[in-house]
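Since chain E is already given, all that's left is putting chain A on it; use the hints.
Chains as they are written, first to last, in this note's numbering: chain E, 1 to 323; chain A, 324 to 709.
What the hints contain is simulated information worked out from the structure, not anything from laboratory work. Heads up, a few of these hints could be off.
To spell it out: a stretch of chain E is covered by chain A in this simulated footprint if at least three of its residues, at any positions, have a beta carbon under 8 Å from a beta carbon of chain A; those stretches are [stated by the list, open to error]:
1. 61-72
2. 239-251
Computed Cβ-Cβ distance ranges for the label pairs, DEER-style [as the list claims (entries may be wrong)]:
3. A:S487 / E:P154: 27 to 33 Å
4. E:A43 / A:N444: 31 to 37 Å
5. E:Q256 / A:K537: 55 to 61 Å
6. A:G367 / E:L120: 54 to 60 Å
As the structure is a computational prediction, the values presented were derived from the model and not from experiment. Even glycine gets a Cβ: it sits at the ideal position worked out from N, Cα and C.
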Amino acid sequence: MAVTTAPERDTGMQRGESIFKNVVRITALSMIVLLVGVIILLAIDAWPAIQHFGFAFLYTSEWDPVFDNYGAAPFIFGTVVTSILALILATPFAVGGALFISEYAPKTVGSVLSFIIELLVAIPSVGFGLWGLFVLAPFMRNSIDPFLRNVIGPIPVIGELFKGPTIGQDLLTASVILAIMILPTILAIAREIIAQVPRLQKEGMLALGATKWEMLRSSVLPYAWGGIVGGAMLGLARAIGETMAVTMTIGNSSQQISASLFTPGYTIASAIANQFTEADTPMYFSAIVELGLVLLLVSALFNILARVMVRRMTRLPGGAAAQ
Amino acid sequence: MKKQALVAIGAVMLLSVGLAFAQDATPEMTPAMTAIPGSGMITGPADGEAQALTGAGSTFAQPLYTSWFADYAKLTNVQVNYQGVGSGAGIKAVTDQTVDFGATDAPMTDQQLSDAQAKCNADMLHIATAIGGVAITYNIPELQSSSTVLKFTPDTLVGIFDGSINTWNDAKLVADNPDLKDIAQPIAVVHRSDSSGTSNILTSYFAAVNSDWKTNVGAGTAVSWPTGIGQKGSAGVAGAIAGVPYAVGYVETTYATQNNLPVAEVENKANNFVAPTVENVSAAAAGFTLPADLRIMIVNGDGDNTYPITGFTWALVCPNQTDAGKALALARVFWWGVHDGQSYNTQLGYAPLPAPAVAADEALILKINVGGKQALPTDIATPAAS
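Next up, chain E with everything else stripped away, as it sits in the complex:
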């Protein structure tokens, strides 16, 4: 009996195996179909604008629905500046926080802290937007901005970043909001990665007489660096696409591209959200869809850049030694 049932069960299992294999294949392929579908749809609707404006769409800065003249430069500028600045502001806090939680804090404090920080992820972006508009923007206008203008403003070159009148709804405020929003994502990943560092490696360093900081610097951080950069890039991806909170704090002005972070700006995502509903001429509509395509392009570029960076980082002597 065992002889007759065994092959039967085997063919049954084989059938099950192949069904399962096909199911997972379909789920994986459907992702690609979805992405291609989105790109095709955007490209079709954006075609009139692509044809009419060509590459000039990317570097001209006139956005004028009345005279049907569209250039996306201010939006691209705003998107890139706010997301990179947010990343620069958030990463040190995220890495420092992760180090404290996993290496310095007592276990209970660490787990409570990381739970609270991860709760930040659950706050909807419109909540951050409201807070940004009614609490952060006045605070920036009354305290932070004048301080930056008085202290850093007089310094040549860097000072150019902090010039002009302050309204509180500008590139800087939007970047700070974004930094707060992406901080928990980067921190959570950095914490996981740091926890992965082999215990032996750390204890080896301490046994050699290294201080805690020396141990972190030469055995933990090099090991974790690739993962931390990966986490930062996930945060960056969120910052690029973030719409509601930015729209409420950036000032929504496509009028000027200026070095000062106190100028009101505009991002691609907020331009789409603001203007899509009432885009009433075909060219206006098409230009807004093309903005969507450009946003996809910008975030793809950042992703590719991130991959290259992660590969570079892990190839560095420090990283190689850690492995």
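Okay, now just chain A, sitting in the frame of chain E:
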């Protein structure tokens, strides 16, 4: 500071609150208003009438429509589902006939009208439902306790919005407002970031009074603003003005009063400084010879008390209907709206339509037909026409 934040949060919540409030509003609250001839003709359900209609468009008029349709359903059992998706989207939806009627604050362009011909086989009817005034509002802490409001001429107002006047103590502003002479602060201009009928009314006014604005910026629901920061929605603009000292901006009148923001007086064609009161806004239509299709911007009108920054808001209906039940329901609901419904306007911050506009609306509603047969029952239409 804290109070300002509260006021501003209130502003953002205003739309939802406004809707809730609107549903409570009943016409009994204004018994003093004289009924427009043609009112009281619709008293209950009609045989063969569609029980549900859908509409989409203007957010400017959404509180009014929500209020109208809630009470209209009680009267006739006809449920009208109205979505405030924006004027542009409303025009698109009615052009594609995905809704029974659209609503807009900017009349359809000739191009849009000819696009709509494809499915409708006629020009979309523009049934005016209310007149709205755009208030100029500001936040100058030093003047908060002052009993006088700022006065703007067409020149100073355009100057502020095109960036040529950028401090509050500019000599041109001080000439009409002596209180401003010590306010050496930059002006923070706040405008709408989304496309809006409110922006269309303001920029149409600017284009009417200033030829430079007309050629450089133009008029439209979304324009390339020469200066300032953008905020989404009237509630967003009101909130930003309440929160940013030395800000100035424009909102539909209701939003200014509900946020306790001061409303400036604007110099009209007759050289009087006037506020956007219901009477002054309603007077705006009087100075114009209304075209039969009612597609007209009524900015900078004649008249001693006319507030110059005003505009109609319209419902868009295709005259050639295919479904008799829907045609009947559409004709009846808008007949009711432009007559009985006008008593709601004042409470919600809109001005009621003047008699010539109501007469033009009546003629438009009579054009709603199924296969050439007038949809509105003759017993409703006749008394008013006589």
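Results for each hint:
no.: 1; hint: 61-72; in the structure: holds (count 6)
no.: 2; hint: 239-251; in the structure: holds (count 3)
no.: 3; hint: A:S487 / E:P154: 27 to 33 Å; in the structure: holds (30 Å)
no.: 4; hint: E:A43 / A:N444: 31 to 37 Å; in the structure: holds (34 Å)
no.: 5; hint: E:Q256 / A:K537: 55 to 61 Å; in the structure: violated (23 Å)
no.: 6; hint: A:G367 / E:L120: 54 to 60 Å; in the structure: holds (56 Å)
Hint 5 alone, counting from the list given before, is not met by this structure.
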